[in-house]
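Here the protein sequences line up with chains W and Y, keeping their order. Position one of the first sequence corresponds to residue 1 (our numbering), numbered consecutively onward. Position one of the second sequence corresponds to residue 285 (our numbering), numbered consecutively onward.
Simulated from the structure, these hints should not be mistaken for laboratory data. Ideal Cβ positions, reconstructed from N, Cα and C, are used throughout, including at glycine. Careful, some of the hints might be misleading.
Said to hold, decoys possible - Taking CB as the label site, the calculated pair distances span:
#, chain 1, residue 1, chain 2, residue 2, range
1, W, 127, Y, 550, 27 to 35 Å
2, Y, 427, W, 30, 38 to 46 Å
3, Y, 546, W, 200, 54 to 62 Å
4, Y, 546, W, 192, 38 to 46 Å
So you can see what is in the structure, the chains are spelled out below.
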Amino acid sequence: MTTALVRRPGLARVRTNRPLLYLLCLGFLGVVVLLALLAPWLSPHDPNAVDLGNALAGPSAAHPLGADGSGRDTASRLITGARTSLLGPLGVVAFSTVAGVVVGVAAGWRGGWLDSVLSRTTELVFAFPGLLLAILIVSIYGEGLIAPVVALGVAYLPYVSRLTRSLVLAERERPYVEAYQVQGHSAVQICLRHVLPNIAPVVLAQSTINFGYALIDLAGLSFLGLGVPALTPDWGRMVFDGESAIQAGYPLSAILPCVAIVLTVVAFNVVGERWADQVARRDR
Amino acid sequence: MTDVSDDQRVLEVAGLHRAFGSVQAVHDVSFCLARGGSLGIVGESGSGKTTTARIIVGLERADSGRVLVRGRDRSAAAGRGRGARLERAREVQMVFQDPFLSLDPRVTVGSVLRETLRLHVPEAKADHDRRVEELLDQVGLGAREAGAMPRQLSGGQRQRVAIARALAVEPAVLVLDEAVAALDVSVQAQILNLLADIRQDTGIGYLFITHDLGVVRCVTEDVVVMRHGRIVESGRTAEVLADPQHAYTRLLLDSVPRPGWNPKAIAVARRAL
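Assemble the whole structure, with the sequences as input and the hints as a guide.
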């Protein structure tokens, strides 16, 4: 497989051939997803219950991870925050994968002017930083998770569409595609039933890596106070809220969400790279 | 070329031309194939035989010339509808050179056949499971292979699957593009015997594209020799191979390795040609 996934500098080095680290990351992601799904039952306190008498408290029996500047339980906010922190990137990845695959397959299969138009257009999006695009759209449409998710979805589309296009170009040269054409199958049937399933593993590996990047970007947005509404627990938002706690000398409520973000992103990266490597090995 | 009366022709190719840039890949190629007959197209690499085959199946367009199957012109602008597409598929089917590449690696043997059957025969009218069994039986494969993935099969078995897939459409003509070239010699013989049996049973017409004169001798009745995109000689296979008229045909015959074979003399003859 000569087609390379799109990676960001720095994170590209986070990969492993050791199955232990891969399994560890996979397990970690499983735990995070479970926590997010079961948040209402697992969080020990109401994540938004303000208790000013308890502000900046250290870890105790009642608050195992302490409380933030407003006295809200950090553990509960971390667990509940996993929901928005994972839901956002999920939306970004779902949108960019579906739209990117459609654009990539159309460009790769049809070729000609359609390929030129689609490729140039997506390259134009590539030239635009995703975060800026998201900030622009949020400033137009106001707060809410939908606007930044759609904006980042558009910004991530070229990652998927370029990869898909090159995969389709390679795949359609394979003789089995011609065999199906001779048999009388329509182009749409061949694409959906044969080309797509054959390129899907690589695209999914790219989308998994994208999930980590989208998580960073969305956390960055909500750290800037954009996107997620103020009261919703969210990891990026918690880092922002924790600023005053750091200045007061109690950094725990800011550091914990940072750690959660970094670990989750690294785990997604390791898992995605591992899947991509497995696909590449199988094809050889 | 032996004369074949009009109603006996299943495939007729007339005045095909195809150029790739300045290279004339196919130049004024004409031949015809009798109903249930077997015609070989021989020539070395680059002689234009594969391009001719691809024009006939419709994977390539001719610059000029006509391809008629059962008297219907299929080189004319193709209808885009489903009906026209299926009609074209039922005229000519193809077996590709490399059985390792011509099957989708993700699809089992049974599903390959069932997919083609679903496309060409409405489910209500026929029992597809039974037909899949019949087809596999026809190419000498059993129920065990029906559930297998292509990677679990040998080259010969895969080529049998490819043949069964082509037969599922029930075409009038089957184009075999170097269909046994990728197989080892004993498997080649098995596949050629199988193809001969199928032709006897079904009355399908074969167009054998090959560089292998042994294959031509075994399974074809007529032969066309191509060089640089042109037909240099044609006729009954036995006569052409026994008494070649054109220097290039003699060269091809001399190029087959055998005792007392002299490659240097052949190289000299090739340069002289």
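Self-check item: Numbered hints the structure breaks, given as an ascending list
Solution: 1 and 4
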